[in-house]
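Enquirer: Sequence:
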Amino acid sequence: MPLPVSTRLSIRGGDLERLGRYQIETELGRGTMSIVYKAFDPRIDRYIAIKVLRDQFARNVNSRQRFLREARAAGGLGHPNIVTVFDVGQVDGMPYLAMELLEGTTLADRLNDAQPPEPRAVIDLAIQLCSALSYAHERGVIHRDVKPANIHFDTASGIAKLLDFGIAGIEGRNEKPVADGGTIVGTPAFMAPEQMLGESVDARCDLYALGVVLYRLLSGRLPFDEDGINEQINRVLNEPPPALNPLHADTPKELVELTLRLLAKSPSGRHDSAADVLEELQDLRARLARGLLGAARKRNLAWRWPAVVGGAVALVLALGLGHVYRSQNDAMVATTFGFGEGLASVIAREVAEPLLMDDVTALGTLVADFAANPQVLYLHVVDRGGSIKSSTNLFLQDEPAPRLDSATVRREEPTIRILQSDSGDLEFQVPVRFQARRIGEIQLGLDGSALSVAARGTLTMMALVFLVALFVIIAAVAVMARQQRQSIERLSWGLRQIGKGDFDFRLEMDRRDEFGALYRRFNDMAMRLQERHGVREVTGPPPRIPHFEDGDEDMGQTREMEATNPKDSDTVPFSKVTRFPGSGS
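Numbering-wise (the numbering used here), the sequence shown opens with residue 75 and increments by one.
Hint data in this document are derived by calculation from the structure and do not stem from the laboratory.
Any given hint might turn out to be false.
Claimed, not checked - Label-pair restraints from in silico Cβ distances:
1) A528 - V390: 22 to 28 Å
2) R128 - R295: 28 to 34 Å
3) S480 - L393: 48 to 54 Å
4) P316 - Q557: 25 to 31 Å
5) L393 - L569: 43 to 49 Å
C-beta atoms are modelled at their ideal positions from N, C-alpha and C, and glycine is treated no differently.
Working from the sequences, and respecting the hints, build out all of it.
Expert: Structure, rendered in structure tokens:
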């Protein structure tokens, strides 16, 4: 039973309550050709999005039929990166498209509000879009309006969904040429040259639009963005895209080259399919994911060489610096021991006669004189019975000579015995002799902490030199290995492009290392292949450039355009297009 007129959707008056079984709640957004509403489907108890044509297009039979035909084709797509279409139909001549309601914003909103995305994020997003386009193209559906406003992006999950298949084309279906009065549907800022000319398009027009999206993501601007449609068409057809200067310095060259190849004027100059682009992007993401740690986990040769060289250098440095440390430490110890032994021997000669005569006063004077040296901690003059006859510590007079606790014997000879305590203090024990007869002993204590401090300082400096030298050498080898690996991967990437038919691919000519000659030979090979296979003359009459009425419409909005005077349109000024093996002539 038809719904009452009062409950039907009205575009002209703006009164909207129902569209068939769907309860219209609020407007979500509107474009040049269509309006999207939030609606409720009581049959499945779910909120959905309803897209309807605007009144001026809904009244046009051709526009209405094309909308329904192409929306039904897109409705058969089921992919995680494509919005789900639930229903396609029309109510009282009003065509509609019912699809899943997605919360959040589009990629266009994110580009306007946020900082430019990182290269890794751009690659992840492009992989999702290519996966969606590859799925749709394999089923004969061409989107024809890929742009940031038609890409839903969830910042929390990082999942992108391709929206708005409302002007999607069915591959193999012939459209009426614009020169014969046909219309062009799409967004001028993202339309491929062949799409602007109104020619028959294939899946590669979506790849061009994807290239424009990537250009916008990487550089922050569109390659062509004129105010008028005719200026836009003229630049897209006749001018190369401006140099792509990425906003992020670490953007891979391969991503820039891929983007520029997608913007080729001729469809044959682009990739053959979205699957090829997807494969390149996945390879590029895998390369970016391989860092030093990842290479080590995968036992990559590029990491093992720095490790091997670093280990060998570490061994050599450790042996060399260890030898230097031992030599320097032995020299300092020998100097300290020589000083202590010499001082103790002098004291032993000087106190021999007073000790033999038991002249305590003379012994005290001598002890006081020698103890004035700041290096002397204590000085004991011990008789043959082991009792102290004179000392820097008056309380030890006539007491047994004390012994160092936990002392280590550093040297023991007939003429001297050297002990060292845990604190580093040294004790020199030298016998006192008179006419070759032993009459006592000198116990001289010297401060050995300076020796320990010097030894620790030397060891610390040696360790620091070792670590810095090892780090510099390993870092240098790692950088060299990384550069070599990147150069090889770059060459491998170039060979892969040549293998896919991209004969105009060139490697950098400014190399001054060993790879410079190899790169030049690669470019010579690519040039010869391009001369043999890459360029062919265009046969047949040149296509004509349509002319449209300029208005104040935004070049970023989807439009349906009809040439004002198709028969008098200008011809395309370029006479050559790039053709690759496997493409049409």
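Enquirer: Flag every earlier hint the structure violates by its number, smallest first.
Expert: 3
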